[in-house]
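Visitor: Sequence:
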Amino acid sequence: MRMAVVFGMNQVVSHGFGMFLFAALVPMMREATGLSYWHLALAGALTQLAYLAGALTLGLLGARLGTRRIALISGIVSSSLLFSMPLLREPASIIVALVCLAASAAMSWGAIVEIISRCAPLERRSTYLSSASSGTAWGYGISGLVILWVVPRWGWESSWRLAGVMGVVVLGVTWYTLRHLHEPQGQSSTGAAQAIPVSQLLRTLFTERTAFFAVAICFLVGFCTMPFSNWLNTYLEELGLPAELGGYSWSTVGVTGMVAGFITGKLADRKGHATALLLIFAAFALGQLAFTYNPADMVLLASFGYGLMYFPMWGIVAGWVNQQYSATATMQISGICMVTFGLGGALGNLVLGAIRDASGLLQPGFLLLSMVSLVLLGLGLHIRRSAGALSATVMQLKQTAESLLPGDEPTERS
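For the sequence shown, our numbering begins at 20 and goes up steadily by one.
It is possible that part of the hints are untrue.
[As the list claims (entries may be wrong)] Here are the in silico distance ranges between beta carbons for each label pair:
id	residue 1	residue 2	range
1	G163	H401	17 to 27 Å
2	W168	R228	33 to 43 Å
3	R88	S218	41 to 51 Å
4	R87	R222	20 to 30 Å
5	L68	S99	20 to 30 Å
6	W168	E227	45 to 55 Å
7	E227	L260	41 to 51 Å
It is worth saying that the hints were derived from the structure and are not from the lab. Just so you know, these numbers come straight off a predicted model, no measurement behind them. The beta-carbon is built from N, C-alpha and C at its ideal position, and this holds for glycine as well.
Please build the complete structure, drawing on both the sequences and the hints.
Guide: This is how it looks when you write it as structure tokens:
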């Protein structure tokens with residue numbers, strides 16, 4: 020489990036700090052840096068594109084670059100940029116740093132997927148992957164504590180320095196872990212080839228069932244979750260609900276995500292990935308439907324379902340893909356999954372924005388999100404049924420083969 024903890028700490032730094040600490044600190048930074056709302060909008064758009072570019076680069080070139088090298092280089096880049104943030108005062112330089120942090124975060128997660136898929140014990144692989152992916156939730160929680168305890172005493176600059184120090188510590192631990200990490204003896208790759216040729220990668224995504232469903236899941240999750248998180252506080256304000264309710268909601272998301280990775284990963288390893296996916300999609304859809312019906316009373320239930328599904332989903336999907344493909348191919352497909360997730364999130368935000376402009380209300384937009392969550396649940400149910408049918412077929416073939424084998428001849432009595 021040490022491997023999962025180390026790579027979960029990498030997620031805290033790369034995603035928890037590199038992707039989300041700025042959003043938490045920006046109200047305190049605006050006066051000193053001159054950041055305007057236009058700068059914030061530009062930063063949001065460019066970091067999204069950078070994340071997609073990093074994921075796409077990993078999917079196409081990760082096999083050549085080497086994942087252990089990528090994990091260490093991304094850690095160096097993230098830690099250096101976190102240390103540099105307190106020194107930056109020009110909006111343009113801050114945006115450039117955020118863009119580099121986003122690209123580094125995408126490449127870091129793809130490298131983690133490949134390393135765990137290659138080196139973790141098969142019977143605990145999904146537990147390791149989903150626990151590592153939940154490191155982002157720990158980053159959420161630590162960022163909240165930083166705002167409450169560090170900023171009031173030492174200022175927002177100290178928050179970035181503290182994140183940088185943690186990045187350096189995690190980098191050292193990661194280097195030590197990778198140096199002593201070996202692939203289990205006798206473990207064979209599940210794929211026919213170590214890597215999917217770039218010329219065949221797109222064809223694989225559209226013609227092979229597991230790869231297609233993986234990218235479809237990530238697209239739908241992006242469409243549902245990104246607009247929900249971006250517009251939640253605005254919707255609560257539109258309904259005249261207290262601002263504290265939004266804070267409680269995000270605390271619920273973070274706490275749920277912290278523990279969801281280990282629990283759902285264990286479920287995937289013991290009961291199957293299809294069962295785990297169906298469970299988390301059902302919890303998410305239930306929360307979305309309840310929130311649409313009664314936002315004031317059900318927002319915490321929606322936040323619970325969000326945290327239960329969003330953070331461990333990445334690890335469960337990667338573990339599911341790794342059942343059929345090699346570790347390197349799993350990394351490639353996971354990189355494309357991050358791209359489709361970003362595209363789904365961008366489309367969902369555009370659709371909700373258009374609905375808000377056309378109707379003046381966000382309620383129809385959140386109703387649409389709940390309908391899409393039902394599509395996600397239907398996809399999970401289809402995967403579960405297909406997995407059950409496949410298991411039954413395999414069992415029947417096994418029984419048939421056993422019945423055809425010659426048995427022991429009965430002993431003749433004298």
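Visitor: Each hint needs a verdict: does it hold in this structure or not?
Guide: Do the hints match the structure? See the list:
1. G163 x H401: 17 to 27 Å: violated, 37 Å
2. W168 x R228: 33 to 43 Å: violated, 48 Å
3. R88 x S218: 41 to 51 Å: violated, 24 Å
4. R87 x R222: 20 to 30 Å: holds, 29 Å
5. L68 x S99: 20 to 30 Å: At roughly 22 Å between Cβ atoms, S99 and L68 fall inside 20 to 30 Å, so the hint holds.
6. W168 x E227: 45 to 55 Å: holds, 49 Å
7. E227 x L260: 41 to 51 Å: holds, 46 Å
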